[in-house]
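From first to last, the protein sequence lines stand for chains Z and H. For the first sequence, the numbering used here gives the first residue as 13, with consecutive numbering after it. For the second sequence, the numbering used here gives the first residue as 13, with consecutive numbering after it.
Hints are computed from structural coordinates only; laboratory data are not their basis. Note that CB positions come from ideal geometry on N, CA and C, so glycine has one too. Be a bit skeptical, because a hint or two may be false.
What the simulated footprint calls covered on chain Z by chain H, stretch by stretch (three residues with Cβ under 8 angstroms from a Cβ of chain H suffice, anywhere in the stretch; the number is not a length) [as the list claims (entries may be wrong)]:
{"#": "1", "region": "24–33"}
{"#": "2", "region": "93–106"}
{"#": "3", "region": "196–210"}
Label-pair ranges, simulated between beta-carbon atoms [stated by the list, open to error]:
{"#": "4", "chain 1": "H", "residue 1": "223", "chain 2": "Z", "residue 2": "242", "range": "45 to 55 angstroms"}
{"#": "5", "chain 1": "H", "residue 1": "41", "chain 2": "Z", "residue 2": "256", "range": "37 to 47 angstroms"}
{"#": "6", "chain 1": "Z", "residue 1": "248", "chain 2": "H", "residue 2": "161", "range": "26 to 36 angstroms"}
Straight-line C-alpha distance at most 20 angstroms; calculated EDC-like pairs for lysine to aspartate or glutamate [claimed, not checked]:
{"#": "7", "chain 1": "H", "residue 1": "206", "chain 2": "Z", "residue 2": "203"}
{"#": "8", "chain 1": "H", "residue 1": "63", "chain 2": "Z", "residue 2": "203"}
{"#": "9", "chain 1": "Z", "residue 1": "206", "chain 2": "H", "residue 2": "168"}
{"#": "10", "chain 1": "H", "residue 1": "63", "chain 2": "Z", "residue 2": "184"}
{"#": "11", "chain 1": "Z", "residue 1": "41", "chain 2": "H", "residue 2": "203"}
{"#": "12", "chain 1": "H", "residue 1": "232", "chain 2": "H", "residue 2": "29"}
{"#": "13", "chain 1": "H", "residue 1": "206", "chain 2": "Z", "residue 2": "56"}
{"#": "14", "chain 1": "H", "residue 1": "41", "chain 2": "Z", "residue 2": "183"}
{"#": "15", "chain 1": "Z", "residue 1": "63", "chain 2": "H", "residue 2": "184"}
{"#": "16", "chain 1": "Z", "residue 1": "63", "chain 2": "H", "residue 2": "183"}
{"#": "17", "chain 1": "H", "residue 1": "63", "chain 2": "Z", "residue 2": "183"}
{"#": "18", "chain 1": "H", "residue 1": "41", "chain 2": "Z", "residue 2": "120"}
{"#": "19", "chain 1": "Z", "residue 1": "206", "chain 2": "H", "residue 2": "29"}
{"#": "20", "chain 1": "Z", "residue 1": "89", "chain 2": "Z", "residue 2": "203"}
{"#": "21", "chain 1": "Z", "residue 1": "41", "chain 2": "H", "residue 2": "183"}
{"#": "22", "chain 1": "Z", "residue 1": "41", "chain 2": "Z", "residue 2": "120"}
{"#": "23", "chain 1": "H", "residue 1": "41", "chain 2": "Z", "residue 2": "184"}
{"#": "24", "chain 1": "H", "residue 1": "206", "chain 2": "Z", "residue 2": "64"}
{"#": "25", "chain 1": "Z", "residue 1": "206", "chain 2": "H", "residue 2": "203"}
{"#": "26", "chain 1": "H", "residue 1": "95", "chain 2": "H", "residue 2": "124"}
{"#": "27", "chain 1": "H", "residue 1": "213", "chain 2": "Z", "residue 2": "64"}
{"#": "28", "chain 1": "Z", "residue 1": "63", "chain 2": "H", "residue 2": "203"}
{"#": "29", "chain 1": "Z", "residue 1": "213", "chain 2": "H", "residue 2": "64"}
{"#": "30", "chain 1": "Z", "residue 1": "41", "chain 2": "H", "residue 2": "184"}
Protein chains: 2
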Amino acid sequence: MAGARARVIFRQLFDLESYTYTYLLGCPKTRAAIIIDPVDTQVERDVRMAKELDLNLIYAMNTHVHADHVTGTGILKNLTGCKSVISKTSGAKADVLVNDGEKIDFGDQALEVRSTPGHTNGCLTYVNHADRIVFTGDALLIRACGRTDFQEGNPETLYDSVRSRILSLPEDYMLYPAHDYNGVTSTTVGEELKHNPRLTKSKEEFVQIMEALGLTRPAKMDVAVPLNIMCGPSQLGESQQRMDK
Amino acid sequence: MAGARARVIFRQLFDLESYTYTYLLGCPKTRAAIIIDPVDTQVERDVRMAKELDLNLIYAMNTHVHADHVTGTGILKNLTGCKSVISKTSGAKADVLVNDGEKIDFGDQALEVRSTPGHTNGCLTYVNHADRIVFTGDALLIRACGRTDFQEGNPETLYDSVRSRILSLPEDYMLYPAHDYNGVTSTTVGEELKHNPRLTKSKEEFVQIMEALGLTRPAKMDVAVPLNIMCGPSQLGESQQRMDK
Chain Z
13 MAGARARVIF RQLFDLESYT YTYLLGCPKT RAAIIIDPVD TQVERDVRMA
63 KELDLNLIYA MNTHVHADHV TGTGILKNLT GCKSVISKTS GAKADVLVND
113 GEKIDFGDQA LEVRSTPGHT NGCLTYVNHA DRIVFTGDAL LIRACGRTDF
163 QEGNPETLYD SVRSRILSLP EDYMLYPAHD YNGVTSTTVG EELKHNPRLT
213 KSKEEFVQIM EALGLTRPAK MDVAVPLNIM CGPSQLGESQ QRMDK
Chain H
13 MAGARARVIF RQLFDLESYT YTYLLGCPKT RAAIIIDPVD TQVERDVRMA
63 KELDLNLIYA MNTHVHADHV TGTGILKNLT GCKSVISKTS GAKADVLVND
113 GEKIDFGDQA LEVRSTPGHT NGCLTYVNHA DRIVFTGDAL LIRACGRTDF
163 QEGNPETLYD SVRSRILSLP EDYMLYPAHD YNGVTSTTVG EELKHNPRLT
213 KSKEEFVQIM EALGLTRPAK MDVAVPLNIM CGPSQLGESQ QRMDK
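For reference, chain Z alone in the conformation it holds in the complex:
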């Protein structure tokens, strides 16, 4: 905490229904803030948190088009006037479409955009080099990774993405995924290089593991994906109405 540079304001938030982590990051000097992977049903909590921290939300960003929950981005735009952000490759609608290598500034703080396809084509990883923290979306999960059996999923592409764009970072970088199902909140590059049961294998073994997972379809997928491709509903409760139909 010591030192000349003020560290980024950082809060990890969890959605107990979809097991999704949402991240709020703010510039301690200008109070400009971003939110990564907000969940529609948690938007009131997230807006209250930003307000209580005296933060001004300028971007609501997604790591990718989620299939397991509905994004809160559209509602956040309506409530706060922030802009939505997603990768150009995702094919989704947003105010700002970003590409690999670009930088997202919020006040004196910044995130580097890294393209990490394989779970979906448009998956991004956001890197805060100043504080050595990384938001991996579903590309890399703690001791796991995103599934590759739908939505343009491709295990070979995912393997290459994670090895070359995430696990190539310094070993002490903290990794924050979009989900965890075991109550674990973070990991590091060093830990995953040693202990990830999938990514420590050869590419051939990784592909075999991914092809043998036999997962069921996410329950909300048919509602979530069409909404998320538009960066989510613009009103609270809208996705629930669609699910009730």
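Position chain H against the provided structure of chain Z, taking the given hints into account.
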């Protein structure tokens, strides 16, 4: 992250059933580690995490005698040879009984013990001054506080404890509670001084709020408290057997 002193290794863990946060802290130099408020059903995860981080668990500590979940301390003792720690005032059995003002060392790292009664008589808050992080147990929760309607609970005592021993710390100190029910993972002294809906009130108003809560009894209380007063069962699955009876 920069600077001469290595920061403490720190992992926040969550139990999705009881909404309990468990904390693993380790010394980066000696690898000595402690765990705060482990949950019996999560012990395998916690031991694996310590092992993967190359940490040697020396203490399993409780902030207090919990009523809402069964502590993993006894099982951890059996599995790792660590010592159990709780406050002397709690009346509970443990290898090490600590008092207000004492210091708990693990390698080059340390926690200050602060007595913060009110939820129970034996409630402790553990402060890591080097990294400015605080483990408040159930004394202070995020925008809330522990209940005061059983187990020696006393709202006036709790108000004095929290105001004088926790919220008197510098405003940037990060606070980590034993529970959160809204997916929020941390707070700061500054935030709670401004936004805690109970602790920002006068003592008289606080007492009125606490007496009007009308909470139901924790479902596991009759099993949890007798086990936790002994620092938990010594075998995995033992508390489940007692509940099944």
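Here's how the hints hold up against the structure:
Residues of the region 24–33 of chain Z lying with their CB closer than 8 angstroms to a CB of chain H number 5, which satisfies the three-residue condition for coverage. Coverage of a stretch by a chain is defined here by at least three residues with a beta carbon nearer than 8 angstroms to that chain's beta carbons; for the region 93–106 of chain Z and chain H the count is 0, and the condition is violated. Here the region 196–210 of chain Z counts 6 residues with a CB under 8 angstroms from a CB of chain H, which clears the bar of 3, and the coverage holds. Judged by the Cβ atoms, the range 45 to 55 angstroms given for residue 223 of chain H and residue 242 of chain Z holds: they are separated by roughly 48 angstroms.
With their beta carbons about 56 angstroms apart, residue 41 of chain H and residue 256 of chain Z fall outside the hinted range of 37 to 47 angstroms. Between residue 248 of chain Z and residue 161 of chain H the Cβ separation comes to about 34 angstroms, which falls inside the hinted range of 26 to 36 angstroms. Distance restraint check for residue 206 of chain H and residue 203 of chain Z: the Cα-Cα separation of roughly 38 angstroms exceeds the 20 angstroms cut-off, and the hinted pair is therefore not satisfied. For the given pair, residue 63 of chain H sits about 11 angstroms from residue 203 of chain Z by alpha-carbon distance, which is consistent with the 20 angstroms threshold.
Note on residue 206 of chain Z and residue 168 of chain H: the hinted pairing is violated, with a Cα-Cα distance of about 50 angstroms set against a maximum of 20 angstroms. Using a Cα cut-off of 20 angstroms, the hinted pair residue 63 of chain H and residue 184 of chain Z holds, with the two alpha carbons roughly 17 angstroms apart. Between residue 41 of chain Z and residue 203 of chain H, the direct Cα distance comes to roughly 17 angstroms. Compliance with the 20 angstroms bound is thereby established for this hinted pair. Taking the CA atoms of residue 232 of chain H and residue 29 of chain H, the gap is about 12 angstroms. The hint holds against a cut of 20 angstroms.
At roughly 19 angstroms between alpha-carbon atoms, residue 206 of chain H and residue 56 of chain Z fall within 20 angstroms of each other, so this suggested pair holds. With a C-alpha separation of about 16 angstroms, the suggested pairing of residue 41 of chain H with residue 183 of chain Z holds against the 20 angstroms cut-off. Note on residue 63 of chain Z and residue 184 of chain H: the hinted pairing holds, with a Cα-Cα distance of about 17 angstroms set against a maximum of 20 angstroms. For the hint pairing residue 63 of chain Z with residue 183 of chain H, the CA-to-CA distance comes to about 17 angstroms; that is within 20 angstroms, so the pair holds.
Among the hinted pairs, residue 63 of chain H with residue 183 of chain Z is consistent with the structure: their alpha-carbon atoms are about 17 angstroms apart, no more than 20 angstroms. This hinted pair does not check out: residue 41 of chain H and residue 120 of chain Z have alpha carbons roughly 33 angstroms apart, beyond 20 angstroms. For the given pair, residue 206 of chain Z sits about 29 angstroms from residue 29 of chain H by alpha-carbon distance, which is inconsistent with the 20 angstroms threshold. Proximity of residue 89 of chain Z to residue 203 of chain Z is assessed by CA-CA distance (about 36 angstroms); at most 20 angstroms being required, the pair is judged violated.
Among the hinted pairs, residue 41 of chain Z with residue 183 of chain H is consistent with the structure: their alpha-carbon atoms are about 16 angstroms apart, no more than 20 angstroms. Taking the CA atoms of residue 41 of chain Z and residue 120 of chain Z, the gap is near 7 angstroms; set against the 20 angstroms cutoff, the hint holds. Distance hint between residue 41 of chain H and residue 184 of chain Z is fulfilled; the C-alpha atoms sit about 15 angstroms from each other, no more than 20 angstroms. Distance check on the hinted pair: residue 206 of chain H and residue 64 of chain Z sit about 8 angstroms apart at the alpha-carbon level, within 20 angstroms; holds.
For a cut-off of 20 angstroms, the pair hint linking residue 206 of chain Z to residue 203 of chain H is broken: about 38 angstroms separates their Cα positions. The straight-line distance between the Cα atoms of residue 95 of chain H and residue 124 of chain H is roughly 18 angstroms, inside the 20 angstroms bound, and the hint therefore holds. A hinted pair counts as satisfied when its Cα atoms are at most 20 angstroms apart, and residue 213 of chain H with residue 64 of chain Z qualifies at roughly 17 angstroms. Restraint check for residue 63 of chain Z and residue 203 of chain H: the C-alpha separation of about 11 angstroms stays at or below 20 angstroms, so the hint holds.
For the hint pairing residue 213 of chain Z with residue 64 of chain H, the CA-to-CA distance comes to about 17 angstroms; that is within 20 angstroms, so the pair holds. In summary, the hint linking residue 41 of chain Z to residue 184 of chain H is supported, as the alpha carbons are separated by about 15 angstroms, within the 20 angstroms threshold.
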